[in-house]
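A.B. asks: Listed here are the chains, written in short residue letters.
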Amino acid sequence: MLSSPFLCVITDEALCPLSLAEKALMGGATMIQLRHKQASGSQLFLWAVEIRKLCKKHQALCIINDRVDIAMASQADGVHLGQQDMPIEAARKLLGKHRIIGVSASSVNEAVQAEKDGADYIGFGHIFPTSSKEKDYSPLGTETLRQAAALLSLPIIAIGGISHENAALLISSGASAVAVISAVSRAPDPSFAAHKLLCAINKSRS
Amino acid sequence: MNGNQTKKSHLPPLCLISSGEDSADKGKLLLNQLVRLPQSLPCMVQIREKKLSTKDLLMLALKAREIQLPAGTLLLVNERVDLALAASLDGVHLPENACSAKVLRTLAPKLIYGCSVHSPAALHIAEEAGADYLLFGPVFDTPSKRIYGAPQGLEKLGELCQATSLPVFALGGITPENVSLCMAKGAYGIAALSLFRDTDRLADTIEELYLHLNP
Numbered sequence: 000m001l002s003s004p005f006l007c008v009i010t011d012e013a014l015c016p017l018s019l020a021e022k023a024l025m026g027g028a029t030m031i032q033l034r035h036k037q038a039s040g041s042q043l044f045l046w047a048v049e050i051r052k053l054c055k056k057h058q059a060l061c062i063i064n065d066r067v068d069i070a071m072a073s074q075a076d077g078v079h080l081g082q083q084d085m086p087i088e089a090a091r092k093l094l095g096k097h098r099i100i101g102v103s104a105s106s107v108n109e110a111v112q113a114e115k116d117g118a119d120y121i122g123f124g125h126i127f128p129t130s131s132k133e134k135d136y137s138p139l140g141t142e143t144l145r146q147a148a149a150l151l152s153l154p155i156i157a158i159g160g161i162s163h164e165n166a167a168l169l170i171s172s173g174a175s176a177v178a179v180i181s182a183v184s185r186a187p188d189p190s191f192a193a194h195k196l197l198c199a200i201n202k203s204r205s
Numbered sequence: 000m001n002g003n004q005t006k007k008s009h010l011p012p013l014c015l016i017s018s019g020e021d022s023a024d025k026g027k028l029l030l031n032q033l034v035r036l037p038q039s040l041p042c043m044v045q046i047r048e049k050k051l052s053t054k055d056l057l058m059l060a061l062k063a064r065e066i067q068l069p070a071g072t073l074l075l076v077n078e079r080v081d082l083a084l085a086a087s088l089d090g091v092h093l094p095e096n097a098c099s100a101k102v103l104r105t106l107a108p109k110l111i112y113g114c115s116v117h118s119p120a121a122l123h124i125a126e127e128a129g130a131d132y133l134l135f136g137p138v139f140d141t142p143s144k145r146i147y148g149a150p151q152g153l154e155k156l157g158e159l160c161q162a163t164s165l166p167v168f169a170l171g172g173i174t175p176e177n178v179s180l181c182m183a184k185g186a187y188g189i190a191a192l193s194l195f196r197d198t199d200r201l202a203d204t205i206e207e208l209y210l211h212l213n214p
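Those sequence lines, one after another, are chains A and B.
In terms of numbering that gives the first Met the number 0, the first sequence opens at residue 0 and continues consecutively.
In terms of numbering that gives the first Met the number 0, the second sequence opens at residue 0 and continues consecutively.
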């Protein structure tokens, strides 16, 4: 599933992740990442169980940000780890080889290291300026994405400032997928926004 | 029989909770405390550093695990079963809003699960979930908890201890002078943070507390 061009929708800290996930999946999202730094463990677990069910129904993947414990407890498809989260090796021991471990990289070096350490995909960005997260470095741009894609054999999910207008460019620059937060969550019609992104991605392939 | 009875006797009656205010030093205070624990007086040690990243928290847990601790001392981490497993800790302590011990025990059956309980409703949930011990507080006035209102007091502690067969640790404003008041109300032991901050006095403090825990 990770090898075809696909769309990852990350939940929005300020919105209910369940209704967002459902809308994104109806629009064709192939991966939902539950990311909610403020939520309690019990709340995260309940959300994760529900999102996993929704993802199963839509044949999509359910990935949990940072919390390996919640991913294990909810039997999610995997985790997404930032550079300040659990190291890949430790997470792999807990999750086994069949669960997915995605890793954020904000440089080619970090991406190469994550591949060496046994990640299953690389979240690479931010590619363009973004308002969704506070960033202390400048956007990487598509040229850096190309460099990373040339060096890596793992699928790359491009993230940061992505819309249906620039999504195709990222796939043609070597990304296997794009990940978005606000482009779907803050759209007037999140399902349609996800659908438009998928159309853009698929067009780039043909 | 869910294992509570067998485990109960193994729990040390004294629980040291890490300061949680040590993010700049990445938990160095806790490591300093651990190397100064008096031999032959076991403690429960709860790593509770909410401001640390998951990576730093795991590093701290691994360093803590490497330290030669007094026999019977148990290392727990707040909430994160994944970190407890990754660092081979003995258990996790679950705040009231954590994922249920019942769910987590399916992932890691051998860990000790403690639950914070601040109300009768939470007691019911913790018992249902198969908690190994309970943490109740604040019993006495403590600066760090004033934002949550008045302390719960000794009477409430006594009511909780009456209502459950699980070991109850009293937390909040504990000093060597008031430990016996908590024990008289049926507490199994006591827990504290700031009481253990002075690492030079740590061994003396623990020895003094133990006098009141085992009269």
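Some hints here could point you the wrong way.
Quick partial rundown of chain A residues pointing at chain B, CB under 10 angstroms, derived from the structure [to be verified]:
(1) 25
(2) 41
(3) 55
(4) 68
(5) 82
(6) 89
(7) 95
(8) 108
(9) 160
(10) 162
Dumping the calculated DMTMM-like pairs for lysine to aspartate or glutamate here, alpha-carbon to alpha-carbon at most 25 angstroms [unchecked claim]:
(11) 184(B) x 140(B)
(12) 22(A) x 11(A)
(13) 62(B) x 21(B)
(14) 36(A) x 55(B)
(15) 101(B) x 140(B)
(16) 109(B) x 11(A)
(17) 36(A) x 95(B)
(18) 36(A) x 126(B)
(19) 25(B) x 11(A)
(20) 54(B) x 116(A)
(21) 109(B) x 126(B)
The hints are simulated quantities; they were obtained by calculation from the structure and are not laboratory data.
Backbone N, C-alpha and C fix where the C-beta goes; we use that ideal spot for every residue, glycine too.
A.B. asks: Could you run down the list of hints and mark each one as holding or not?
C.D. replies: Outcome of the hint check:
1. Hint on residue 25(A) is violated. Least Cβ distance to chain B is approximately 28 angstroms, over the 10 angstroms limit.
2. Proximity of residue 41(A) to chain B holds as hinted, the smallest CB-CB distance being about 5 angstroms (cut-off 10 angstroms).
3. With a cut of 10 angstroms, the hint placing residue 55(A) at the interface with chain B is violated, because the nearest CB-to-CB distance is about 19 angstroms.
4. The criterion of a C-beta within 10 angstroms of any C-beta in chain B is met by residue 68(A), whose closest approach is roughly 4 angstroms, and the hint holds.
5. Interface restraint check for residue 82(A): the shortest CB-CB distance to chain B comes to about 8 angstroms, inside 10 angstroms, so the restraint holds.
6. At about 4 angstroms, the closest approach between the beta carbon of residue 89(A) and any beta carbon in chain B falls short of 10 angstroms, and the interface hint on this residue holds.
7. With its C-beta approaching chain B no nearer than about 12 angstroms, residue 95(A) sits outside the 10 angstroms limit, and its interface hint is violated.
8. Given the 10 angstroms rule on beta carbons, the hint for residue 108(A) is violated: about 17 angstroms separates it from the nearest Cβ of chain B.
9. Taking 10 angstroms as the C-beta contact cut-off toward chain B, the hint placing residue 160(A) at the interface is violated, the least distance being around 25 angstroms.
10. For residue 162(A), the interface hint is violated, the least distance from its beta-carbon to any beta-carbon of chain B being 30 angstroms, above 10 angstroms.
11. For the hint pairing residue 184(B) with residue 140(B), the CA-to-CA distance comes to about 17 angstroms; that is within 25 angstroms, so the pair holds.
12. This hinted pair checks out: residue 22(A) and residue 11(A) have alpha carbons roughly 13 angstroms apart, not beyond 25 angstroms.
13. At roughly 15 angstroms between alpha-carbon atoms, residue 62(B) and residue 21(B) fall within 25 angstroms of each other, so this suggested pair holds.
14. The hinted pair formed by residue 36(A) and residue 55(B) meets the criterion: a straight-line CA distance of about 16 angstroms does not exceed 25 angstroms.
15. Under the criterion of a C-alpha separation no larger than 25 angstroms, the hint pairing residue 101(B) with residue 140(B) is inconsistent with the structure, at around 32 angstroms.
16. Between residue 109(B) and residue 11(A), the direct Cα distance comes to roughly 36 angstroms. Violation of the 25 angstroms bound is thereby established for this hinted pair.
17. Distance hint between residue 36(A) and residue 95(B) is fulfilled; the C-alpha atoms sit about 17 angstroms from each other, no more than 25 angstroms.
18. As the CA atoms of residue 36(A) and residue 126(B) are separated by approximately 28 angstroms, the hinted pair breaks the 25 angstroms bound.
19. Restraint check for residue 25(B) and residue 11(A): the C-alpha separation of about 29 angstroms exceeds 25 angstroms, so the hint is violated.
20. The suggested pairing of residue 54(B) with residue 116(A) holds, with an alpha-carbon distance near 15 angstroms, which does not exceed 25 angstroms.
21. Our distance criterion of 25 angstroms between C-alpha atoms is met by residue 109(B) and residue 126(B), whose separation comes to about 18 angstroms.
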